[in-house]
Amino acid sequence: MSFLDYAPAPESRAILSLRDSYGLFIDGEFVDGRGEPFQTISPATEERIAMIANANPADVDAAVAAARRAYDRTWSKMSGRDRGKYLFRIARLVQERARELAVAESLDNGKPIKESRDVDVPLVAAWFFYYAGWADKLDHAGLGANPRSLGVAAQVIPWNFPLLMLAWKIAPALAAGNTVVLKPAETTPLTALIFAEILQQAELPAGVVNIITGAGDTGAALVSHEGVDKVAFTGSTGVGRAIAKQVAGTDKKVTLELGGKAANIVFDDAPIDQAVEGIVNGIFFNQGHVCCAGSRLLVQENIHDEVVERLKLRLSTLRLGDPLDKNTDIGAINSKEQLERIRTLSDIGEAEGAERWTAPCEIPENGFWFAPTIFTGVQTSSRIARDEIFGPVLSVLTFRTPAEAIAKANNTPYGLSAGIWTDKGSRILAVADQLRAGVIWANTFNRFDPASPFGGYKESGYGREGGRHGLGAYLAPAPIGQSSTSHAAISGRASTAAVEADASAPAKRSRTAKPARTLKNATKGSKR
Amino acid sequence: MSRLAVPKTYKLYIGGAFPRSESGRTYEVLAADGSFLANAALASRKDARDAVVAARAAVSGWSGATAYNRGQVLYRIAELLEGRRAQFVAEIEEAEGVTRAVASAQVGEAIDRWVWYAGWADKFAQVAGNANPVAGPYFNISVPEPTGVVAIVVPQDSSLLGFVSAVAPALVAGNAVVAVASERFPLSAISLAEVLATSDVPKGVVNVLTGSPAEIAPWLASHADVNALDLVGAGALDWISLEVDAADTLKRVLRPESGPDAAAPALGRIAAFTETKTVWHTKSLR
Numbered sequence: 001m002s003f004l005d006y007a008p009a010p011e012s013r014a015i016l017s018l019r020d021s022y023g024l025f026i027d028g029e030f031v032d033g034r035g036e037p038f039q040t041i042s043p044a045t046e047e048r049i050a051m052i053a054n055a056n057p058a059d060v061d062a063a064v065a066a067a068r069r070a071y072d073r074t075w076s077k078m079s080g081r082d083r084g085k086y087l088f089r090i091a092r093l094v095q096e097r098a099r100e101l102a103v104a105e106s107l108d109n110g111k112p113i114k115e116s117r118d119v120d121v122p123l124v125a126a127w128f129f130y131y132a133g134w135a136d137k138l139d140h141a142g143l144g145a146n147p148r149s150l151g152v153a154a155q156v157i158p159w160n161f162p163l164l165m166l167a168w169k170i171a172p173a174l175a176a177g178n179t180v181v182l183k184p185a186e187t188t189p190l191t192a193l194i195f196a197e198i199l200q201q202a203e204l205p206a207g208v209v210n211i212i213t214g215a216g217d218t219g220a221a222l223v224s225h226e227g228v229d230k231v232a233f234t235g236s237t238g239v240g241r242a243i244a245k246q247v248a249g250t251d252k253k254v255t256l257e258l259g260g261k262a263a264n265i266v267f268d269d270a271p272i273d274q275a276v277e278g279i280v281n282g283i284f285f286n287q288g289h290v291c292c293a294g295s296r297l298l299v300q301e302n303i304h305d306e307v308v309e310r311l312k313l314r315l316s317t318l319r320l321g322d323p324l325d326k327n328t329d330i331g332a333i334n335s336k337e338q339l340e341r342i343r344t345l346s347d348i349g350e351a352e353g354a355e356r357w358t359a360p361c362e363i364p365e366n367g368f369w370f371a372p373t374i375f376t377g378v379q380t381s382s383r384i385a386r387d388e389i390f391g392p393v394l395s396v397l398t399f400r401t402p403a404e405a406i407a408k409a410n411n412t413p414y415g416l417s418a419g420i421w422t423d424k425g426s427r428i429l430a431v432a433d434q435l436r437a438g439v440i441w442a443n444t445f446n447r448f449d450p451a452s453p454f455g456g457y458k459e460s461g462y463g464r465e466g467g468r469h470g471l472g473a474y475l476a477p478a479p480i481g482q483s484s485t486s487h488a489a490i491s492g493r494a495s496t497a498a499v500e501a502d503a504s505a506p507a508k509r510s511r512t513a514k515p516a517r518t519l520k521n522a523t524k525g526s527k528r
Numbered sequence: 001m002s003r004l005a006v007p008k009t010y011k012l013y014i015g016g017a018f019p020r021s022e023s024g025r026t027y028e029v030l031a032a033d034g035s036f037l038a039n040a041a042l043a044s045r046k047d048a049r050d051a052v053v054a055a056r057a058a059v060s061g062w063s064g065a066t067a068y069n070r071g072q073v074l075y076r077i078a079e080l081l082e083g084r085r086a087q088f089v090a091e092i093e094e095a096e097g098v099t100r101a102v103a104s105a106q107v108g109e110a111i112d113r114w115v116w117y118a119g120w121a122d123k124f125a126q127v128a129g130n131a132n133p134v135a136g137p138y139f140n141i142s143v144p145e146p147t148g149v150v151a152i153v154v155p156q157d158s159s160l161l162g163f164v165s166a167v168a169p170a171l172v173a174g175n176a177v178v179a180v181a182s183e184r185f186p187l188s189a190i191s192l193a194e195v196l197a198t199s200d201v202p203k204g205v206v207n208v209l210t211g212s213p214a215e216i217a218p219w220l221a222s223h224a225d226v227n228a229l230d231l232v233g234a235g236a237l238d239w240i241s242l243e244v245d246a247a248d249t250l251k252r253v254l255r256p257e258s259g260p261d262a263a264a265p266a267l268g269r270i271a272a273f274t275e276t277k278t279v280w281h282t283k284s285l286r
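These protein sequences, in sequence, are chains S and W. Residue numbers for the first sequence follow the numbering used here, so the first one is 1 and each next one is one higher. Residue numbers for the second sequence follow the numbering used here, so the first one is 1 and each next one is one higher.
Pulled out of the complex, with its shape left as it was, chain S reads as follows:
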């Protein structure tokens, strides 16, 4: 054994008591799906974990109907104080079953147990705690007094942080008084289904949260369902675009958390040791399956060689392998499809002239794996500098001046996140001002917190999750005349006060006919 070799230290799977098959969680019960069931596998071994029900359109109908009933009869009538207490209960149950959830997450997703145990699951609990406290304080959400919930929220989440994305979606939705139909990704449904058991333990009223499993067509049926008032999606920009088209002409409120191609900018006065750790955390955390990953390293030209050399040294110490091993740094790629995409884009990077370096590590025989990879000499026009790879692949580019760094960082249709590494505080603030991205990490990277809004500019989507802003995404201002502090409303119409003050002014304003919302009229009947 060299100093880098460790004896295996696998986390025990004995804590799990999984079923052979899981149904859909609708109206507080697990029920059979009407579609063809599918299996969920461990991407590290390709072994089947369980069979998962597949929701067809009729199941989607049933789930939305259950959510609507729960909204009308229970959840929208419940006091914020009691809604909050349910969320606190859920947060506590997540903490109590934290290790079980972490093991299940690593098993189903392939991420290292040290990440699911120390990052994902603690943040899940934190998210429910944070929003639990909001439930009876909605007047302070920034929409004026008496904001209203939206109704039924359709939520579709990705496979990279299965349970954490569930928490990002469900916690604010419930705090604001909405009910939920959530669809986890088809490759990672396991923790959402264990979470459904937690909801039963918390005695959350039936139908307030419904969890339906299936593939893309199930998600499409859900977000386009006429009985849905709010759509929240995290995933690819392509699907987000399709959803934006689908909801056009409806009254649905939408939050889209889409792709990214974040620049991680390292100036020559940066603390190099910390920066190298930050670069590694930025792109190799969670196998690079992170929408805000720092996938483009912009390093000042005069320190390029030093940074790249230290990076390679550091990457050579990363341990790739069994996600359940406590020493594992790099787990499995989530699916065969994703592995193919990473391979294809990496090959394109090489073909387009970039120099490829792969960390020396043994690749297990079974499962889906991709060793940490760095491309140097990458052109801004290269596919690996433009496309989201969503894998452990770093593209290194250089710059000479801050202006060039900013221009290169912003040269992307995405705008989710960015990183800045420098010891000069004034430069950090000036560069942060110029970057067109929703989250900027300065001398850190990939930090998440329920109090901190997260979301993108440009084609990385719209709306925010986390913080007060994330709560506002699930609320609407009180109807005009019902909010005593209506001019304080940020997300909606302030007041007619200015118009009423001069009644003769808007004499002409209602002359045109009602807007031609023809599509919507057809769908209106089944709502509310």
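For the record, the hints were derived by calculation from the structure and aren't laboratory data. Some hints here could point you the wrong way.
[Claimed, not checked] Not the full set, but computed from the structure, chain S residues with beta-carbon under 10 Å of chain W:
| no. | residue |
| --- | --- |
| 1 | A126 |
| 2 | A242 |
| 3 | L258 |
| 4 | N281 |
| 5 | I420 |
| 6 | R436 |
| 7 | G466 |
| 8 | I480 |
Here the structure is a predicted model, which means the values were calculated and not measured. Glycine included, C-beta positions come from ideal geometry on N, C-alpha and C.
We have chain S; now place chain W onto it with these hints.
Chain W in isolation, oriented as in the chain S frame:
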């Protein structure tokens, strides 16, 4: 002998200049009684694209100005409008066929609304922003920033108030605007552009197109360099198609409004064209 009047030529307002439509087209603007008022420019696709280019060029300067400065510049527009009250009142009387009192009330409300929004310029970030108490040694703050270029189909049933109600809020946070004026009542919008041209608003920050919204709006909705689309006055158009087109580049979209509360003064109209940026920084004594 009475004096022979000098009629005004109404043109587009793009990048601080008043060009005719590159297409050479005009259309007749009629008074409420059907009589001829003026020929307005019938803007084309090319005009719309020129306007977007001008707006894009103006974004960095306008959004980079201090909020205090933007507030003063916007307030100055209200001052200039006040000085030209009589002109706007007369224009609205003729175009809309309303009494002087009604026209005067519209102009007064438009000016007051402009003042209301101008005052928000250096306060909005305080109300919409946040210091976030994250669980760790980090400074963490969220601030609203302008989205960039906003294309607006302004309310079609009003000469001045609708235009002001839609354009002013988009300017507050530092966006640049391409506004499609009311097809039937375009003259006040161009007169307002003359006010803007002689104010301190940098060229390109506001661009005004007159003509057919049905013809121009699709080019703006699908334009890849437009960040947001305000359809507040597009209710009579096929606005669903516009929203679908806008989704290609994931533009932020505000849907049509109608009735007496359409485009009412609201912080939401400012917020709709901002992006929340959250900055984390490590805290350390080292």
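We went through each hint and held it up to the structure:
1. A126: Holds: closest Cβ of chain W sits about 7 Å from S:A126, inside 10 Å.
2. A242: Holds: closest Cβ of chain W sits about 8 Å from S:A242, inside 10 Å.
3. L258: 7 Å, holds
4. N281: 13 Å, violated
5. I420: At 9 Å from the nearest chain W Cβ, S:I420 passes the 10 Å test, so the hint holds.
6. R436: OK, holds: S:R436 within 10 Å of chain W, min 8 Å.
7. G466: With a closest approach of 8 Å, the S:G466 hint holds.
8. I480: 6 Å, holds
In the structure shown, a violation is registered for the earlier hint numbered 4 alone.
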